Amino acid sequence: MPELRPRFEDLFVGYEIPGRTTHILRNQIKTYADASGDQNPLHQDDDFARAVGFPGVIAHGMLTMGELAHCLTDWLGDPAALVRLKVQFRAPVFVDDVIVAEGRVKSLDPKARTAVLDVWVSLERDGNTEYPIRKGEAVASFAER
Amino acid sequence: MTMNAALEGKVYPDATFTVELERVNVFRAAIGEESDIVPPTFATAAEFTVMPFIVGDAELGLDFTRVVHAEQEYEWHRRFRMGETLTARSRIASIRQKAGNGFLTIETEVFDRDGGLVVLARATMIERGA
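Read top to bottom, the protein sequences are chains E and L.
Heads up, the first sequence stops at 145 in my numbering, and the numbers go up one at a time, no gaps.
Heads up, the second sequence stops at 130 in my numbering, and the numbers go up one at a time, no gaps.
Extracted from the complex, chain L is given alone in its bound form:
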């Protein structure tokens, strides 16, 4: 089964995401961050707030058990503020098939309450051929 390429451009429902101290602390522990900053790559946690919509999208037909992360890009517009609640919105930027593997690129925009963009994330995953 291959991914449904007709879904390019599909936008998933908004997900809310809070920059919680407890979770930031776990994230800092995982990457050995000893200062009190919110690591910029904490953005990954926001992307994974939306990921269940994509993994569970029967119309898309992505087999997450065959997924390997190929590329990742972030553009940060400002730092995260502890305690703030943000909105993550993902869209399918592209779906390609190459040499028996599927390539899925997801763009996730993370906004603050005023609608200001905090970070843009672009993730490309490979669905390895069965």
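Next comes chain E alone, as it looks inside the complex:
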């Protein structure tokens, strides 16, 4: 659907990109383990996770980052337009959490036709907003290719 791709000319600082909401399921975490090759028991074995201080298995940080990248590539309409993504993992994501990936334009470089984006992933737990990814940064390219 190339006609739905954002145009660089339409962007401005503060422009909000459409969010992506995901309900994290146990079998999804297992699928991610198999797909990525990250078989750390922290993501599969509740007893192991409890022994290291969590209430149960936690999702891979990279699953959360994958959902964030999915949010960005859906918006960009082209995976190659995402040229950089950097995140810190700040809070665990548990089974049954509902995570929301979002972002907004931080700066624009008209010469290079690139946009720097602030990106983050949040969830609501016990009436509080937590940020599994709080201050991530992405760079998207709108150069002719």
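Wrong hints could be hidden among the right ones.
As the list claims (entries may be wrong) - Computed list of lysine-lysine pairs in DSBU-like fashion (alpha-carbon distance at most 30 Å, straight line):
1) 106(E) / 135(E)
2) 86(E) / 30(E)
3) 86(E) / 98(L)
4) 135(E) / 111(E)
5) 86(E) / 10(L)
6) 10(L) / 98(L)
7) 135(E) / 86(E)
8) 98(L) / 135(E)
9) 86(E) / 106(E)
As the list claims (entries may be wrong) - Some chain E residues flagged as far from chain L (calculated, every beta-carbon gap over 10 Å):
10) 19
11) 98
12) 127
As the list claims (entries may be wrong) - Facing chain E, from chain L, some residues (calculated, C-beta under 10 Å):
13) 8
14) 32
15) 72
Hints were generated in silico from the structure; no laboratory data involved.
Quick caveat: nothing in here was measured; it's all calculated off a predicted structure.
Yeah, the Cβ is synthetic: ideal placement off N, Cα and C, and Gly gets one too.
With chain E held as given, fit chain L onto it using these hints.
Quick look at chain L alone, frame taken from chain E:
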């Protein structure tokens, strides 16, 4: 036991990695990707091709059961092509100790057959203090 900081700069053997349709499909299912793209973060699968060398490196002494992923960065130079075989090469970029925890940063370069860089990945893991 703490990680051996003298290993900063160590380069691990190359690992080959194929962008297989079947595995990409599992990856797409995990992140709910419904289009036919290879998700950029499929790069994680390439990093985990090399990870056994690092986890199994007795000289390094990393206790993977105490590892939590702290930071991740990707720089993509081009998209993945379905079916292509790539080479992943990891090096230890830094090893630090802070407040009883170990911080390990691994840089993985993923090259194509022509030697062109496809993606650079930088992962920082925390080995939590025992």
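Right, here's what the structure says about each hint:
Proposed proximity of residue 106(E) and residue 135(E) is supported: the alpha carbons are some 12 Å apart, at most 30 Å. With a CA separation close to 24 Å, the supplied pair residue 86(E) and residue 30(E) stays within the 30 Å bound. The straight-line distance between the Cα atoms of residue 86(E) and residue 98(L) is roughly 22 Å, inside the 30 Å bound, and the hint therefore holds. Taking the CA atoms of residue 135(E) and residue 111(E), the gap is near 26 Å; set against the 30 Å cutoff, the hint holds.
For a cut-off of 30 Å, the pair hint linking residue 86(E) to residue 10(L) stands: about 23 Å separates their Cα positions. For the given pair, residue 10(L) sits about 21 Å from residue 98(L) by alpha-carbon distance, which is consistent with the 30 Å threshold. Proposed proximity of residue 135(E) and residue 86(E) is supported: the alpha carbons are some 9 Å apart, at most 30 Å. Taken as a hint, the residue 98(L) and residue 135(E) pair is honoured in the structure, with Cα atoms around 22 Å apart against an allowance of 30 Å.
Between residue 86(E) and residue 106(E) the CA atoms are separated by roughly 14 Å; this keeps the pair inside 30 Å, and the hint holds. Residue placement check: residue 19(E) keeps its beta carbon more than 10 Å from all beta carbons of chain L (closest about 14 Å). For residue 98(E), the non-interface assignment is confirmed: its Cβ lies about 13 Å from the closest Cβ of chain L, beyond the 10 Å cut-off. The claim that residue 127(E) is not at the interface with chain L holds, since no C-beta of that chain comes within 10 Å of its own (minimum 26 Å).
With its C-beta approaching chain E no nearer than about 21 Å, residue 8(L) sits outside the 10 Å limit, and its interface hint is violated. The closest approach between the C-beta of residue 32(L) and any C-beta of chain E is roughly 6 Å, which is under the 10 Å cut-off, so the hint is satisfied. Checking residue 72(L) against chain E: minimum C-beta separation of about 6 Å stays under 10 Å; hint holds.
The structure fails hint 13 only (numbered hints given earlier).
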